[in-house]
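Protein chains: 2
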Amino acid sequence: MITINENFMKLKAGYLFPEISRRVAAYQKENPQVRIIRLGIGDVTLPLPAAVIEAFHKAVAEMAEAKTFKGYGPEQGYDFLIQAVIENDFRLRGVELKANEVFISDGSKCDTGNIQEIFGLENTIAVTDPVYPVYVDTNVMAGRTGPQNSQGCYEGIVYLPCTPANQFTPEPPREPVDLIYLCYPNNPTGAVATKEALGRWVEYARANKAIILFDAAYEAFITDAAIPHSIYEIPGAKEVAIEFRSYSKTAGFTGTRCAYAVVPQELHAYTRAGEKVAVNPIWHRRQTTKFNGVSYPVQRATEAAYSAAGKRQVRALVDYYMENARIIRTSMEQFGYCVYGGVNAPYIWVKTPNGTNSWEYFDMLLKEAHVVSTPGAGFGPAGEGFLRLSAFGQKENVLEAMDRIGKLA
Amino acid sequence: MITINENFMKLKAGYLFPEISRRVAAYQKENPQVRIIRLGIGDVTLPLPAAVIEAFHKAVAEMAEAKTFKGYGPEQGYDFLIQAVIENDFRLRGVELKANEVFISDGSKCDTGNIQEIFGLENTIAVTDPVYPVYVDTNVMAGRTGPQNSQGCYEGIVYLPCTPANQFTPEPPREPVDLIYLCYPNNPTGAVATKEALGRWVEYARANKAIILFDAAYEAFITDAAIPHSIYEIPGAKEVAIEFRSYSKTAGFTGTRCAYAVVPQELHAYTRAGEKVAVNPIWHRRQTTKFNGVSYPVQRATEAAYSAAGKRQVRALVDYYMENARIIRTSMEQFGYCVYGGVNAPYIWVKTPNGTNSWEYFDMLLKEAHVVSTPGAGFGPAGEGFLRLSAFGQKENVLEAMDRIGKLA
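Top to bottom, those sequences are chains A and B.
Whatever position you read off the first sequence (first residue = 1), add 64 for our numbering.
Whatever position you read off the second sequence (first residue = 1), add 64 for our numbering.
Incorrect hints may appear among the rest.
If chains are identical, the list can't say which one is meant, so a pair holds when it fits in one copy or spans any two.
Unchecked claim - Straight-line alpha carbon distances no greater than 30 Å define the calculated DSSO-like cross-link-like pairs of lysine-lysine that follow:
1) Lys-471 to Lys-74
2) Lys-415 to Lys-162
3) Lys-375 to Lys-122
4) Lys-259 to Lys-162
5) Lys-93 to Lys-131
6) Lys-471 to Lys-131
7) Lys-76 to Lys-340
No lab work stands behind these hints: they were computed from the structure.
Could you build all of it, start to finish, from the sequences and the hints given here?
This is the structure we're talking about:
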């Protein structure tokens, strides 16, 4: 008798964003005349940079000729893209990486979802709370947790609450944990971690033989020069951290799909008997067995984001969204909301007024202002009482959304 | 202490194709003047069809304008592609599917590798032997097997030997198994399954509450009108089978990346307590949580393979490779080899002469004829004593390879 993986049945309700889509679609269906503005899901709206488009076309044209056609590429990505990553994202910030430490993929959702496969089921997971649901849900599916309790927490996961009191950057826990998901600049709170704060995590991981999974998908939005862009800017981090990067939010790749993971050669895990095992060859084996690489034209398009023109154009995209972030942050403050983030991140984290809960306030904003937000509670129990607003809209929509919300007061 | 998933350490040596690449690269390095012809890995060599290229460019151009730009798409694929799949690959063969039963992905390697995640770890796996290594290795990684024994078999997996005696299409086993991987037309043997043979598998699965994972990546190469292209042509199969399709070999997408899986609504698995659970929503949950959809331009390019021009061009590609298959098959027969396959499949399965083992014969062909084959033993113990030759080369290379092999005799 074929049995299902019963861990899936521990997952409550739908994944957050499909649930939002469902509510928005239902409301739109009942109110077809209403123009809904989406500041919910973190999806970009500006077209791909011109340099990226040009390289994309050129690579498609290569696929049309037998002489330049590309079949299977290396599962871990083409060297031209890996070298561009190493040079631009790391060497320029003083971090040296080897080519076989970079694994090109089709998305950080896949990478952060798949990475747990290479670790033992007995590991204790720690997440900040609120948290990107993929980190938690993929561990639930794998069987590293018990059921969800009434607070919405899964048994066996260590949740580290992010609150105004700790500036949404919790300290390492007192108890030992094995696998720690950190995301800075943070989705959803927009908080950043200083070098000192990350240093304490690296120190903790080294002392506890833990591994940090560092999601840096939003590093391009950092405006404060003192904030690290990579965890490898912290000495000793290569021995305890895997880093994830994405082109989704920086180069506008949410529909184009490219990202990468860095798994340093110095990184080790252990057998249950305590024997050291290098993690890099295990991830290499996982990727070569279960993945066939990113579409060649997409990899060429991505490479172009690192050209001189590409970098300028990507910078312009980031600046555009950060101007939206500024508008949202200052408008919401002006309307009397208590807001966080939006300075080094494209997300603004808004306290719902008068103790209203997240989904109620989400529904209210949808129905009264026709604005889609993301309920903080969807990111975990400590997100209750907050909303996430995303800066990835068109500026005129952001302005109109702020106008509508301003009129609610 | 962070522990590694120790199941990875049960995997022996490298994944087959990286090991071949390693040997070929080493030989080429020592003999830089030699022109090596690759009939090994099943990688296509002809450019993408013109209709595909045209649609690909058009979609890239859409990504350059805010009005037509696409961000996140549905994780399970765009409806335009799903509808084209349903109409062309199934309705035209008398099979009706619903839109939410088709899941567009970036490759059958990913799909056939990931699908096991949604089933319990206690299931018994059956594979034909020889077999595409991904089916086995992903179950080893997940922990559904014991270690590998001296014959190269993993404890706990039921291997069904494919031999000349059973025409490489083994019957269902006597013992009950839960999850059965079938691939027809078969990689690597080139064998096909008749309606009657597949019917016996469907009957077995229904009687034993088993699920069949049917890999139909090579269905376009079927030339015999009586051979089913989809397992759903067998009555009752929707209740017991998941089907995988790929554009890699048909439309030349090995470097472009698109495929799909069909998970019918009628398909059920069970809790350990025996309660029925629909599989479709579980796979939907897995995909929406761990995957972000295929690149939009790639989905548009794929759609074009179903246009009138696209279909003609894909047909021409398939015919070209099947002419290569005919050349290899008849030449090898003429040289006195015992050969199988190559009639309804792009693979020719060659018995190594005089009891030479697969890797020895692989090395001999590489060194004496400078032709890359795939050692049958790399696909499983019953592949020992065979080589796979692939028809995906350029015709002039295939002719020269045959000429070189002919001279060895």
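Practice problem: Evaluate Lys-76 and Lys-340 at a C-alpha cut-off of 30 Å and name the case that applies: within, between, both or neither. | Solution: between (37 Å within a copy, 19 Å between copies)
Practice problem: Pop the pair Lys-375 and Lys-122 into one bin, within, between, both or neither, using alpha-carbon distances up to 30 Å. | Solution: both (19 Å within a copy, 24 Å between copies)
Self-check item: Within, between, both or neither: Lys-93, Lys-131 at alpha-carbon 30 Å
Solution: For Lys-93 and Lys-131, the Cα distance is within 30 Å only across copies (23 Å; inside one copy 51 Å).
Quiz prompt | Intra- versus inter-subunit Cα pairing at 30 Å for Lys-471 with Lys-131 | solution = between (61 Å within a copy, 29 Å between copies)
Quiz prompt | 30 Å Cα threshold - placement of Lys-162 relative to Lys-415 | solution = Close neither inside one copy (43 Å) nor across copies (42 Å); limit 30 Å.
Quiz item: How do Lys-259 and Lys-162 come out at 30 Å by Cα distance, when the copy is not named: within, between, both, or neither?
Solution: So Lys-259 and Lys-162 pass the 30 Å test inside one copy only (23 Å; across, 52 Å).
Practice problem: At 30 Å max between alpha carbons, let me know whether Lys-471 reaches Lys-74 within a copy, between copies, both or neither. | Solution: neither (41 Å within a copy, 63 Å between copies)
In summary, the structure is inconsistent with hints 1 and 2 from the numbered list given earlier, while agreeing with the others.
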